[in-house]
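Chemist: Protein chains in written order, with numbering that gives the first Met the number 0: chain A, 0 to 414; chain B, 0 to 294.
Be careful, since some hints might not be right.
Some chain B residues close to chain A (C-beta under 7 Å, calculated; not the full set) [to be verified]: (1) Trp59; (2) Pro76; (3) Glu78; (4) Gly80; (5) Leu81; (6) Tyr82; (7) Pro83; (8) Phe176.
Pair by pair, the computed Cβ-Cβ distance ranges are [what the hints assert, rightly or not]: (9) Met0/B to Gly26/A: 28 to 34 Å; (10) Glu196/B to Val357/A: 50 to 56 Å; (11) Ala294/B to Asn292/A: 56 to 62 Å; (12) Ala345/A to Gly61/B: 54 to 60 Å.
One-sided and incomplete, this derived list gives chain B residues near chain A with beta-carbon spacing under 8 Å [as the list claims (entries may be wrong)]: (13) Phe47; (14) Leu49; (15) Arg71; (16) Tyr74; (17) Arg88; (18) Tyr93; (19) Leu97; (20) Leu174; (21) Leu190; (22) Tyr279; (23) Pro282.
It should be emphasised that the hints constitute simulated quantities derived from the structure, not laboratory data. Predicted model only: the values in this text are computed from it and were never measured. Think of the CB as a built atom: it goes at the ideal place given N, C-alpha and C, for glycine as much as any other residue.
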Amino acid sequence: MNGVRQGWLVARREIRERSRSKVFRAGIVITLVLVVAAIVVAAKIHTGNVTRDVGFTGTTPAALPAAVIDQGKAADVSVRPRYYGSVAAGEEAVRDQKVAVLVVDAQRLTWRGQPDERLRAIVTAAIQLVTVQQRAAAAGIDPGQLHAVMAPVPVENQQLDVAAGRSSGNVAATVIMSALLFMAIILYGNLVLTGVAEEKSSRVVEVLLARMPARNLLAGKVAGIGLLGFAQFAVTALAALIAALAVHPAGIPAVSGGVLAWIIVWFVLGYAIYAMAYGAVGSLASRAEDAANVAAPVSYILGAAYFASYMVVASNPDSIGSKLISLFPATAPFAMSGRIAIGAAAWWEPVIAVALTVAAIAGLVVLAGRVYTGAILHTGPTLKLSDAWSATTRPGPRAAEPPAHRRSAGWRWLS
Amino acid sequence: MLDFDGTTKRFGSLTALDRCTFAARPGRLTGFLGPNGAGKTTAMRAVFGLVELDAGAVRWQGRPVTAAERTRFGYMPEERGLYPRMRVRDQLVYLGQLCGHAAGDVGRSVDGWLERLGLAARAADRLDALSHGNQQRVQLIAALVGEPDLLVLDEPFAGLDPIAMDATSGLLTELAFGGATVLFSSHQLDLVEDLCEDVVIIDHGRIVLAGELAELRAKVPQRFVDIRYQGQAPDWSQLDPAELVEDRDGQARLRVGHNTDVVALLGTLRDRAEVVSFAYQPPTLSELFRQAVAA
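Here chain A stands alone, though its shape is the one from the complex (with noise of 0.2 Å):
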């Protein structure tokens, strides 16, 4: 009997008897309707063409709405004008918000609260251009010498402290990975830890390790909801990419296939990590309600990690912290997907990155398996880490003296 087999048949009966359960079935439905729900409804509220209607008072040049409109166009704002016979009338329109600004005289803009810097920038333009037209037929230019003379220079972008290459989209999908990959942590990684310390509570652990090694139990149940995990996420990203391209197709960040599959590695990686180290604490609980008692070391660890490696990386990610943290396993998850995607890594550097972390998994089972096993066989109160690791050398209270109590109970069921 090999371990991959036993790995496999436990991961096997998690995906089964999870999937099974009526509150997971809901909360798939649930998650779905939310996400789509959310796109589409974000969607119907910030569309990129606006609609905004101006008002116009006093004298208004005959040539100004439409110069409104046009440079409205331009900046995809649909602009609507509106006439007021007086000032009264416009700056009535404007505190009821019939109106985002009133135009009067074509000289003074009137807010209601603080000026629409975009709505500002429009009409402002809109403005001069008329105005400019008009002191140039008053001085008699040639309207058409005065079109070459007004013609709008294209004016080119650029940002120092992004290198060439990297792209905007890579960027997003990777900050959008690592608050996914920050949840799914947390979501699963705690079904790991409740799993585990539910296994100890129930008793139904010595009658597994009987049969299999712990990290074997282990392994195979962190695959197992991972697997469970994963395919929820999945189907939910799959749900969320129809709906984002059904509402506003240009809306997707372009990533990169590289990027992308670097994206699912680190995600693969870090649930990995910290899935197991769930697995080994909640060992340590007694009961089902102090697993997340026990587990908080882990989960400081996880906000600290997920926080600073977002920080750190943001502010410079070629500085010798950023290179160190995207390295270090424990980060390596949320720090060098963001270096990948930033465009900031060397070829090697990655490849480095998971070697350690595989590494760091593979070191973390073995250690698991032994805190588990030296933990899961003990009864009582919450179990301090450091006597799980030397369970071997003492005395766990059914080995030394049963209760009395425990023993004429005999059969103990607890779910």
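Position chain B relative to chain A; hints supplied.
Modeler: Structure of chain B alone, referenced to chain A:
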């Protein structure tokens, strides 16, 4: 044959198993006895590698036990437990498959045992939907799936009602008759005396008595005479070499040496009381146990 050879396990200053050497033979039931905390559970866990030994070894068919051998072992831990929310049959098939058996074989074995223990109709139910007694049956099947060559059962009779106790005894006897090696611990000495050919008594981590029960009883120099009598209680003094153990409600138990002239003793007794019945026998397992543990 399962051999414990100098098996030693220390937990800090406490020695849970102290150079324990004994064997459980195939085709026989071996009762594993000892006061609470004597080391029975630790010894049984050692068979399954659940405790790391400090010295000695546990051997199966003369070879140290490895994971491969354990696939042919069945184990029922003292603290029972299965997945409460998992369906009975799925659960048993899963546990069988973990031992390396093919799904089809395990399925047939599980179905056979469910049928045999009257649980066939509950196969698709969640474990926690079953009554206490039925849950115990499922736990027993978990140890029997795959028809193991060695059964190690930690207090299989604890918490059973008399009918379940009879059924379990019958089952274990049958399995041993079929060639299995069966080692089980118990505090019910009368039951062990009825069931087991071999006993092992452990105290403070040391094996204080081990071997064939009939031989162990015969080897002890004391014998006991049980008599029932009618009328007045006789004067038990000057009955040398017999010594009174107890006398209550017309029943008396006397301790004598193993070479006592039984016929002469019966004559002496009849002179003093109206003897209704007379029995001459070696000590019971309880007496052996108390002696061994007190020593």
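Chemist: Against each hint, give a clear statement of whether it holds in the structure.
Modeler: Hints versus structure:
{"no.": "1", "hint": "Trp59", "verdict": "violated, 14 Å"}
{"no.": "2", "hint": "Pro76", "verdict": "holds, 4 Å"}
{"no.": "3", "hint": "Glu78", "verdict": "holds, 5 Å"}
{"no.": "4", "hint": "Gly80", "verdict": "holds, 3 Å"}
{"no.": "5", "hint": "Leu81", "verdict": "holds, 5 Å"}
{"no.": "6", "hint": "Tyr82", "verdict": "holds, 6 Å"}
{"no.": "7", "hint": "Pro83", "verdict": "holds, 4 Å"}
{"no.": "8", "hint": "Phe176", "verdict": "violated, 25 Å"}
{"no.": "9", "hint": "Met0/B to Gly26/A: 28 to 34 Å", "verdict": "violated, 53 Å"}
{"no.": "10", "hint": "Glu196/B to Val357/A: 50 to 56 Å", "verdict": "holds, 54 Å"}
{"no.": "11", "hint": "Ala294/B to Asn292/A: 56 to 62 Å", "verdict": "violated, 48 Å"}
{"no.": "12", "hint": "Ala345/A to Gly61/B: 54 to 60 Å", "verdict": "holds, 59 Å"}
{"no.": "13", "hint": "Phe47", "verdict": "holds, 4 Å"}
{"no.": "14", "hint": "Leu49", "verdict": "holds, 6 Å"}
{"no.": "15", "hint": "Arg71", "verdict": "violated, 11 Å"}
{"no.": "16", "hint": "Tyr74", "verdict": "holds, 4 Å"}
{"no.": "17", "hint": "Arg88", "verdict": "violated, 13 Å"}
{"no.": "18", "hint": "Tyr93", "verdict": "holds, 6 Å"}
{"no.": "19", "hint": "Leu97", "verdict": "holds, 4 Å"}
{"no.": "20", "hint": "Leu174", "verdict": "violated, 18 Å"}
{"no.": "21", "hint": "Leu190", "verdict": "violated, 15 Å"}
{"no.": "22", "hint": "Tyr279", "verdict": "violated, 37 Å"}
{"no.": "23", "hint": "Pro282", "verdict": "violated, 26 Å"}
Checked against the numbered hints given earlier, this structure breaks hints 1, 8, 9, 11, 15, 17, 20, 21, 22, 23; the rest are met.
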